[in-house]
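> Work out the full structure, taking the sequences as your base and the hints as a guide.
This note's numbering puts the first residue of the sequence shown at 135, with every later residue one more than the last.
It should be emphasised that the hints constitute simulated quantities derived from the structure, not laboratory data. Treat the hints with caution; some may be incorrect.
Subject to a maximum C-alpha distance of 25 Å in a straight line, what follows is the list of computed DSS-like cross-link-like pairs (lysine-lysine) [claimed, not checked]:
1. Lys216 with Lys144
2. Lys142 with Lys174
3. Lys238 with Lys179
4. Lys211 with Lys142
5. Lys147 with Lys184
6. Lys184 with Lys142
7. Lys211 with Lys147
8. Lys174 with Lys238
9. Lys179 with Lys241
10. Lys174 with Lys241
11. Lys184 with Lys211
12. Lys238 with Lys147
13. Lys216 with Lys142
14. Lys144 with Lys211
15. Lys238 with Lys184
16. Lys174 with Lys184
17. Lys147 with Lys216
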Amino acid sequence: MCPEKVVKYKALKSIAHNYSHSFVSYTNYVDDGFVIDDLKQIVRKAEGEKICMWWVLEHPQIPQLTQRILRSIEYYKRNLPKFVADMGSDIVAIREFRTEIYLKSNKQMAVEGHIVDGRGRAYVCPVFDF
Numbered sequence: 135m136c137p138e139k140v141v142k143y144k145a146l147k148s149i150a151h152n153y154s155h156s157f158v159s160y161t162n163y164v165d166d167g168f169v170i171d172d173l174k175q176i177v178r179k180a181e182g183e184k185i186c187m188w189w190v191l192e193h194p195q196i197p198q199l200t201q202r203i204l205r206s207i208e209y210y211k212r213n214l215p216k217f218v219a220d221m222g223s224d225i226v227a228i229r230e231f232r233t234e235i236y237l238k239s240n241k242q243m244a245v246e247g248h249i250v251d252g253r254g255r256a257y258v259c260p261v262f263d264f
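Structural data, given as structure tokens:
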């Protein structure tokens, strides 16, 4: 008989921050370009509407996302379970996970990681403004 695995929720806020930060960082380079450069253009055109990248809980991606962004999202989705495990939790602890990028009223861009855990608790983690 296998011991039951204990799900750890403590790391979820850090996961939301680190994963979202990695996605919008200048280390996310796909098809000869940085994903953040495409995201900046889309966010500016959205005029305050939030652009969401869904990692857990399937939602259709918005049509404005470029092929570079979509390829990066697929790569990140495939690697999410390992990332979560490396951070000390389990993917089953996450009910919903998305990264939101939007233009604030002062025209700065904001990035936030949002996770809802298996118990229904929501974590919102600001990544940065630029």
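> Against the earlier hints, flag every one the structure doesn't satisfy and list their numbers going up.
Hint check: 2, 6 fail, others pass.
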